[in-house]
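There are 2 protein chains.
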Amino acid sequence: SVNPDLGSERQTASFSVERLTALLDGGAEQTRIRRAVVEAIESDPVFSRENQYFQTQNERYEAAVRKAVHLQKKMHEMGWTENGPEYKYIYRALSGDVAFLLHHVFMRSISVLGSDKQIAKWIPLATQHKLIGSYAQTELGHGTYLQGLETTAVFDTATQEFILNTPKISAMKWWPGDMGRSATHTVVFAQLYIHEKCYGIHPFIVQIRSLQDHSLCPGITAGDIGPKMNFEHIDNGYLLLKNVRVPRENMLSKFCEVRPDGTYVRQGSQKINYFTMTTVRISLISDEVLTPLMKACTIAIRYSVVRRQSKLKPGEQEAKILDYQTQQEKLLPQLAAAYAFYFTNDYLQELFNRGYREIQRKNFDMLPELHALSSGFKAVITQHCTAGVEICLRACGGHGYSLLSGLPSLYTKILASCIYEGENTILLLQTARFLIKCFMAASAGQPVPPSVTYLAAVKHGKCPAKNKLDFLSPDIYIEAYQHVAVRLTSNTAAKLQDLIQSGVKKHDAWNQCTVQLVQAAKAHCHYIAVKNFAETVEKLETKAGIQKIMKHLCDLFALHGIFSNTGAFLHDGYTSAAQMDMVTASYLDLLAVIRKDAVPLVDAFDFTDKSLNSALGSYDGHVYQRLYEWAQRSPTNQMSPAYERYLKPLLHNTLSKL
Amino acid sequence: SVNPDLGSERQTASFSVERLTALLDGGAEQTRIRRAVVEAIESDPVFSRENQYFQTQNERYEAAVRKAVHLQKKMHEMGWTENGPEYKYIYRALSGDVAFLLHHVFMRSISVLGSDKQIAKWIPLATQHKLIGSYAQTELGHGTYLQGLETTAVFDTATQEFILNTPKISAMKWWPGDMGRSATHTVVFAQLYIHEKCYGIHPFIVQIRSLQDHSLCPGITAGDIGPKMNFEHIDNGYLLLKNVRVPRENMLSKFCEVRPDGTYVRQGSQKINYFTMTTVRISLISDEVLTPLMKACTIAIRYSVVRRQSKLKPGEQEAKILDYQTQQEKLLPQLAAAYAFYFTNDYLQELFNRGYREIQRKNFDMLPELHALSSGFKAVITQHCTAGVEICLRACGGHGYSLLSGLPSLYTKILASCIYEGENTILLLQTARFLIKCFMAASAGQPVPPSVTYLAAVKHGKCPAKNKLDFLSPDIYIEAYQHVAVRLTSNTAAKLQDLIQSGVKKHDAWNQCTVQLVQAAKAHCHYIAVKNFAETVEKLETKAGIQKIMKHLCDLFALHGIFSNTGAFLHDGYTSAAQMDMVTASYLDLLAVIRKDAVPLVDAFDFTDKSLNSALGSYDGHVYQRLYEWAQRSPTNQMSPAYERYLKPLLHNTLSKL
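Heads up: the sequence lines are chains S and B, in that order. The first sequence lines up with residues 1 to 658 when you count with the UniProt record's numbering. The second sequence lines up with residues 1 to 658 when you count with the UniProt record's numbering.
Everything labelled a hint here was simulated from the structure, so no lab data went into it. Worth double-checking, as some hints may not be accurate.
[To be verified] Which residues of chain B face chain S? A few of them, derived with a C-beta cut under 10 Å, are:
(1) G143
(2) E161
(3) N165
(4) R181
(5) I225
(6) Y238
(7) K242
(8) G268
(9) A416
(10) I419
(11) Q512
(12) N565
(13) F569
(14) T584
(15) P649
These numbers were taken from a predicted model, which means no experiment stands behind them. Cβ atoms here follow ideal geometry from the backbone N, Cα and C, with glycine treated the same way.
Could you put the whole structure together from the sequences, leaning on the hints where they help?
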């Protein structure tokens, strides 16, 4: 039985939920495959996450290892393979709650950076799980800035070995997943020294634990880095190397090789490797960033039509909290953003597939643009979605704060995406560097990549909107976004030049512009996201109400961005105050329109109750029962020694005898 | 030994850190008392928080109970009393990590709401800990909207008892602290029924657990609500009442009494009670909101001068990350906000003390203003400080994400302050209601309370600033803030009137304005905070560099607010685009100025290493050593059964036989 307050929301859907789900999946057949995977995983008790919120870090780790091992068996049973159509749905179905993710990174780094001989030796061992791999790049003292890594690998011609060392505490490897307790091998990134000359960072395969009894190998100190905000299931580790010797063959040598006599040889182009690193930033968006926001929206919106609080009209029943404008203003822009970035992700995937084909034809022209887009969007989407999940959590009041709502863990996990795979501010500055370069080139009449050609077309017009309905025209708001992106880029470029011309050194000038450069990079990405959403809507089928509701969401995404950042649009008078009032009016109108379809719009994400793992977000909406039943099973409802030890003596008045 | 990268920051302080500490404490004597309390608490191993990040929820609860019991002993030993000068420092010294906080709320509610006879009976029992009290207001289905509470208390004239019931699941008491496992008694808020007529919400003292063996009393179902984002040390509980009978004398009856025949009698004025509820919102600001932000700033800023990453100038050493403009832009506005709201809190405390004196003289005139200010500032300060702590966390990259940094727990705890003691959006709307009312009154020439007289003086001028230095003049920016607050209030009042005049019903019109009403309320509070900061600086001693550095922080707080919200200032042309560029320039200049004193400014908060409980924020700045040493003690570095159970069979290749 469905809570009638939730059920009624579904009866008035303006579109076909099933059609929208299929659209998101990329076709009804994909939906079918995805659901089959979800069904197989969720019906298997080994993969249950039901007790997750009650478990300690140790219990979470053990469960994740158990699941990883069981998954191998499951895949075998089900006939799923790494190249099959089911594969990409497995991780989502597990909600990422599984160990050995770094084992895949270990394998990929060997495939990409290793010679054919190295691939032939290590990949079969890894595939058969005769070892467990990890990937040791980040150190205590260095993350995003790879050149600063301090681990050393000195080539010893006498023994034909590399000697690896952690010369100081800041050089300790720190954070690598699966390394704290599980891994037997890892790829260590270290500064290569030959005859006392440094050749920079190179990757080395190092065994860290015995394959017999799992004890640490000689010279290795390793362990778990302890509690984190989330990722309790992963044994992020530390690693300290003391004169650890590995044979010459263990340096991954597709691009550089050390000959027996110590000669250092570069070979081939490293650009494809550079491309691989870029794609990682894109590949995490779907599972690690969009899915959490979509789940948070589902939970918060379903809860907001079941929760009734206070009276909107005197004498009536208490109102559903989603009927309050302030609640709509919290949640519906997050819903619109989830859809917007879902389509951005499609756009990026397509662009990267194209880039990959070009690169295989030895055409590297697209690389700078791909790097700028992947950096900028990684930062913008992780930031936006993290903020969105937090808003959803807070919009559920006290119950959102309970782990049983599912929202705290979504938040504490997505937050990490702002940090890993490149710190967001640094990534935005890389995008900005590309923008400034392209702006200069465009100003000088030189050709620039497609995503930035608009920088050349600086217009000094005004926004032509005459009434609030004009702001529901994509042409109007896309141009406004474009104008802002151009203005911020060109103004910052001008400031940079002025500073340099006034005698400030280049690097100082750059630093003095970074706050504004970050703004420019964000504006660029925001513009592309809005434009892409509008173009996507344009191409949608008009049947079953899909295009209409997507158009509303696109408008909301665009107008919310203007409403939340009015200064950028008002600054040079491109948009007038009167027009900004129109934006506000249209924006607030849209909230009321989309509110009607809010539940169907989250239903279309098609999360099962098990995947949400939330007392607030279940499909049937029986929030209070679920909270109560679940809380009763909490370990905090077991007998506590605190009574006998402390409360009893207190109540029986030991204290008064003090 | 202090890390030289941190030590050098202290040598160039432009002001006396000790003088500033004394200023914050309210005098050197207060500093002395505070330090003595901190010393006594921190030197006592029972109060240690060293293992906190490793403990389960059950362990945290037990430790908090142990500490609460030990605290009684400690106070006795030290000669501290609840009325002594030391008392207010105890909670901060414990970092709030202690049980039985609701016991005090239980006592206060009896003192405020109980008759003299009730006070005489219950307060001594509570003081001597012959019972443990809690406070059961919030239910599964209702929080801030108290009228909606569903628990019932029916008067039975035959037995002279109230019969308490939980008529449906949403009526279950949910969240009360100390109730899940510890409390023996609680004050239950329930709808009072006499002869089938409802008299609204009233408080009843109910015993829930046996004083002999702590078993639940007949008719009582109670337990712990399970895991939360933080507050693991508190046993937030649930309570279900089934025909629980309490004697007529257990209804707290200072303001209303039920006579034996069932006659309901109101007596005295409830306004003082209303005032008490208002003061709670103010009282939490210092310990629960400002302290976490001040700690987060201390941790993040100290870390940012020890962490070196990437090169600012080619060929030089890697730069301290605080030397990057983007890092300054993240952290220094949070530091300025911490000081700003510290002084706002002083202002509110003073205002409330004055209000209390007036009320004791039966003058209730200040109540609406006090209610509006406490609601608005509770929302604005909790929101701002929560966002600030999150920024500090993210500004520390991966290490900020480790629990050992201390930042995750500061964040997950402060976040709750946005939810408890009144949901922020609802509070802001209460402030807005007051603003609209006062604006209408002022427009009609009627007198209004002091904090809103400015609403009467609507000016249509322009900002007179001519260059970027003008924006370092408080008169200039205070007036800009005032202008925005007036504009947002008057525009929203006009929209509200227009809607009503066009036939929209009053409550619908209100709902359609709420997004903008929230903006107006925030602008009002922001204006008062800026004005108060500037006035505080004006009155400071000019010696020892204190006034100068505080003036810089005040400017930064004001300009950061404008820079982050340019649209509000640009909207009607009060500030021009050229002036906004001056604001930006001045703002960015200030970052570089305050950066020089950043470490001394957090040193002045005078947190000990134990109170920070952070591997990143220690006074000596040996970040990496501390992380490593601490991580080694994590329970995740104990032997795990996962190896024998899962990893060994996997590595020894059971899988290949599948």
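Verification of the hints:
1. G143: The hint holds - B:G143 has a Cβ within 10 Å of chain S, the shortest such distance being about 6 Å.
2. E161: 25 Å, violated
3. N165: 16 Å, violated
4. R181: 6 Å, holds
5. I225: 5 Å, holds
6. Y238: Check passed: Cβ of B:Y238 comes within 7 Å of chain S, closer than 10 Å.
7. K242: 14 Å, violated
8. G268: 28 Å, violated
9. A416: Status holds, d = 6 Å.
10. I419: 6 Å, holds
11. Q512: 6 Å, holds
12. N565: Interface hint status for B:N565: holds (7 Å vs cutoff 10 Å).
13. F569: At 8 Å from the nearest chain S Cβ, B:F569 passes the 10 Å test, so the hint holds.
14. T584: Constraint on B:T584 satisfied, holds at 8 Å.
15. P649: At about 8 Å, which falls below the 10 Å cut-off, the nearest Cβ of chain S leaves the hint on B:P649 intact, so it holds.
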